[in-house]
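Student: So the protein sequences, as listed, match chains S and B. Throughout, my numbering is defined as the position within the first sequence, counted from one, plus 38. Throughout, my numbering is defined as the position within the second sequence, counted from one, plus 72.
Hints in this document: simulated from the structure, not taken from any laboratory. These figures come from a predicted structure and were not determined experimentally. Please note: incorrect hints may appear among the correct ones.
Restricting the straight-line Cα-Cα distance to at most 25 Å, the calculated cross-link-like pairs of lysine-lysine (BS3-like) are [as the list claims (entries may be wrong)]: (1) B/K580 x S/K104; (2) S/K104 x B/K559; (3) B/K112 x S/K104; (4) S/K99 x B/K821; (5) B/K112 x B/K148; (6) B/K430 x B/K473; (7) B/K430 x S/K93; (8) S/K99 x B/K473; (9) B/K430 x S/K99; (10) B/K148 x S/K104; (11) S/K104 x B/K473.
Per the computed footprint, the stretches of chain S lying under chain B, defined by three or more beta-carbons under 8 Å from a beta-carbon of chain B, are [stated by the list, open to error]: (12) 50-56; (13) 61-72; (14) 85-99.
Glycine residues also receive a C-beta, built at the ideal position from the N, C-alpha and C atoms.
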Amino acid sequence: MSTPEKPPVMCALCNRALVPTQVNVAYLGNAFPVELLKCPTCGQVFIPEDLALGKMVEVEKQLEDK
Amino acid sequence: MEQKDLRALEELCIQECAPPCAAACPIHVDARAVLLDLAKGDVDTALNTLRRTVPFPGIVGRICEQPCRVVCNRGKVGADVKDAPIEIAALERACVDYGVVKVDKNRPQPKRNKHVAIVGGGLSGLTAAHDLARKGYIVSVYEALDPLGGRLWSYPEERLPHAMITTELSLIETLGVEVHLNTPVGEALTLDELRDHNEAVYLAIGAEAGMTFGLALDGTGKIVVDPVTFATSRDGVFAGGSLLRGHAAQAIDSIADGRRAAISIDRYLQNVSLTASRVGEGSVESCLYTRVDDIAPAAIIPLDAIVGYSRADAEREAARCFQCECMECVKVCEYLAHYKRYPRKLVREVYNNLSIVKGTRYSNQMINACSLCGLCAEVCPTDLDTGAINLQARETMVAQKRMPPSAHDFALRDMAFSRSEAFAAARNAPGTTSSDVVFFPGCQLSSASPEQVQQVYAYLGGALPAETRLGLLLGCCGAPAEWAGRKDLVAENLTGLREQLQGLGNPKVVLACSSCIRSFKARLPEVAVLSLWDLMAERGLPAGAQPGNGRVVNVHDACATRHEAGLQDNVRALLDRLGYTIEELPRSKARTTCCGYGGVQWLADPVVADKVVARRVEEGSADYVAYCAMCRDFLARGGKPTVHLLDLIFGTSGADFKTEAERPALGWSQRHENRARLKRDILTKVWGEPMDGPDPIDTLRLIVSAEVRARLEKRLILDEDIRRVIAHAERTGRRLVHPDTGRYLATHKPVAVTYWVEYAPVGDAYEVFNAYSHRMEVVEDPPKQGQSE
Chain S
39 MSTPEKPPVM
49 CALCNRALVP
59 TQVNVAYLGN
69 AFPVELLKCP
79 TCGQVFIPED
89 LALGKMVEVE
99 KQLEDK
Chain B
73 MEQKDLRALE
83 ELCIQECAPP
93 CAAACPIHVD
103 ARAVLLDLAK
113 GDVDTALNTL
123 RRTVPFPGIV
133 GRICEQPCRV
143 VCNRGKVGAD
153 VKDAPIEIAA
163 LERACVDYGV
173 VKVDKNRPQP
183 KRNKHVAIVG
193 GGLSGLTAAH
203 DLARKGYIVS
213 VYEALDPLGG
223 RLWSYPEERL
233 PHAMITTELS
243 LIETLGVEVH
253 LNTPVGEALT
263 LDELRDHNEA
273 VYLAIGAEAG
283 MTFGLALDGT
293 GKIVVDPVTF
303 ATSRDGVFAG
313 GSLLRGHAAQ
323 AIDSIADGRR
333 AAISIDRYLQ
343 NVSLTASRVG
353 EGSVESCLYT
363 RVDDIAPAAI
373 IPLDAIVGYS
383 RADAEREAAR
393 CFQCECMECV
403 KVCEYLAHYK
413 RYPRKLVREV
423 YNNLSIVKGT
433 RYSNQMINAC
443 SLCGLCAEVC
453 PTDLDTGAIN
463 LQARETMVAQ
473 KRMPPSAHDF
483 ALRDMAFSRS
493 EAFAAARNAP
503 GTTSSDVVFF
513 PGCQLSSASP
523 EQVQQVYAYL
533 GGALPAETRL
543 GLLLGCCGAP
553 AEWAGRKDLV
563 AENLTGLREQ
573 LQGLGNPKVV
583 LACSSCIRSF
593 KARLPEVAVL
603 SLWDLMAERG
613 LPAGAQPGNG
623 RVVNVHDACA
633 TRHEAGLQDN
643 VRALLDRLGY
653 TIEELPRSKA
663 RTTCCGYGGV
673 QWLADPVVAD
683 KVVARRVEEG
693 SADYVAYCAM
703 CRDFLARGGK
713 PTVHLLDLIF
723 GTSGADFKTE
733 AERPALGWSQ
743 RHENRARLKR
753 DILTKVWGEP
763 MDGPDPIDTL
773 RLIVSAEVRA
783 RLEKRLILDE
793 DIRRVIAHAE
803 RTGRRLVHPD
813 TGRYLATHKP
823 VAVTYWVEYA
833 PVGDAYEVFN
843 AYSHRMEVVE
853 DPPKQGQSE
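Chain S with its partners taken away, still in its complex shape (with noise of 0.2 Å):
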């Protein structure tokens, strides 16, 4: 996934920039790596809507008819 120049959000718990970083994602005991903002102290991921609402629920979908 392309990273935007300015992360959208930031970490409030810690007060940081969140930086890509290679996460795992998972349905129904499928497991995909996927590179996501994630706050780099506490861990907290960023999942922007037009991934959930898009690739997301295209996998998941795909996922559950297998």
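Guided by the hints, dock chain B onto chain S, whose structure is given.
Tutor: Chain B alone, transformed into the frame defined by chain S:
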């Protein structure tokens, strides 16, 4: 579902049965397909379709006796005067007259080194010769006269031009058949000799010959022939045509005999069963049902039997064929129409879907998208209930642990809410320990109209005999679990209901919701139930109902009441008493349609549900009256002004019909809050129970604009989900922030769904700007701090 069950269900769907014309034709010419192409002007394709089954179409088109025409459904159209059936033979002839033979794709099969002798060069013998030569056998025809054709030459020239006979029969030699003219079989050349040099013989010598070749004869002196295989008493010798049928034999029967004998000879030479799978050969009755009462009459195009049709007239006559098919269920069902399936195809796909072990199950959504409304079974000539198949499939998917988690989750959570402390309650009448009658309003009437539930309870107190102890039961009938294929949850819910009813002294149950009535009758047969509408029809309306003053309304029957004729009549009686004039919808009562809520269709396939409601709202010109809370809201959301019957019975003063009918459908958050409020209100007012302190999460005040509210509804995100996210974020401090706007973005996963909420505190409230959700979850590696508390 077992393979044999699948077969039985498939058999019930008759859509793929041959139409009457093809069934009646002894060689099953697909006249429907031929006429379809001809009507479109594609005469070449029509001709080539014809040639697939008819060996000599130019001849047959001129002399066929047309058993097809006798049964043609066009002849059944019309009220007093029936249409003439279609001139099928003349149209077949027109195919030959105007069509061009395409390159023959059905090349003869590779040569087989086996010899077959055909005795008799008439239609029957030449059909057998044609079919066997195409299969690669070495075929010789022995004809007593010269030329080939037998009794074809007895037709007058104008009916069957000699040139046509010569041209079409020349095909035989083109196929490599060896023709022996002036070669009678009997004395100079005996059957024994033929049999010695050939592996099989077909006797098709016509009626005149009167020869018996030493074969076994019946009492009348005719050669004994097996009616299915055309085998005679002698091994490898078959017989058919007018030899068996006599002078009155129809040409088309002679052709059919030749074809069926050729099938037997092929099997005989391949040493396989002559008798297996031969049902349906010859002229049979069609099992296809085709409705004709909605077909417009169409006059026959005049035919000059000698000249035949002009090409244009042939196309016009062919256009009178209305392409017989059943499709009764598909015509009335948007779901089947959307998925472009009739039950036979659907059943096969459902079965395949359930059988997949590894790989994508493409039919999951189709199975879940059916509303289970039962209309298909109602209109089906064989009562096939496609919904019942889909429901069974869902139950199987659940059992296989293959049901997509997202398919019914929202509806099941709604059901769980109805069964939770927030709503569920069972109370005997105040001051009593047992009830004679309890009111069970169900979940969605309580969601839509908590005030009306209280009004009904008050009404029942007055309408029932004074000594009646009237209790209340708030809960769920289990319909959503049933629709989701969750037999376990249905059973669990029933156990709870039984216990509650026992605690209430096994009272009679008054039901206001159509789905509840269906569920109770099907699953709690030991419980005496009474619909509110039946009760009101008997006991009278409450005072203060809004008079209808003759206003015309259409009644939308709930699909769950399909077989509740008495209830449907009582609904109409109540409307009549209120002063409304009822115009029946084209599809009502036993043939009513679903609103899109049934079977959780709206959740599994919103596109189909929208089509279902769009069609329904188009059907009536007046405003609708529904008597199911969900029907009311789904029809209103579809743009049809619709009132609930209770709106009229307990019409709030001042609110006129139109305002009531056009009020927007309720959102899901409101539905939860209304249920919770109903419980608090009625238990406080009637039972004097102290109101428990509300759940602190519910006190978290939200500010939601109309635009955001609409988005939340569409995304099925409830206020309670949002409150949980915000409460979690505010408590833990874990949230993100937009540096530019200062708005927070918080996330939380209460159970299976992860919610994201963009919000900002405003005084003691929280303004919500956006929310979305997903089911995938982030798996931290290595896990750092706990994902949630």
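Student: State for each hint whether it applies.
Tutor: Against the structure, the hints come out as follows:
1. B/K580 x S/K104: Since the Cα atoms of B/K580 and S/K104 sit roughly 47 Å apart, the hinted pair is violated (cutoff 25 Å).
2. S/K104 x B/K559: Satisfied, since the Cα-Cα distance of roughly 23 Å is no more than 25 Å.
3. B/K112 x S/K104: Not satisfied, since the Cα-Cα distance of roughly 43 Å exceeds 25 Å.
4. S/K99 x B/K821: 19 Å, holds
5. B/K112 x B/K148: Within the cut-off at roughly 23 Å; holds.
6. B/K430 x B/K473: 13 Å, holds
7. B/K430 x S/K93: 23 Å, holds
8. S/K99 x B/K473: 15 Å, holds
9. B/K430 x S/K99: Within the cut-off at roughly 16 Å; holds.
10. B/K148 x S/K104: 50 Å, violated
11. S/K104 x B/K473: Roughly 11 Å between the alpha carbons, so the hint for S/K104 and B/K473 holds.
12. 50-56: holds (count 3)
13. 61-72: holds (count 7)
14. 85-99: It holds, with 9 qualifying residues against the three required.
Checked against the numbered hints above, the structure violates hints 1, 3 and 10; every other hint is satisfied.
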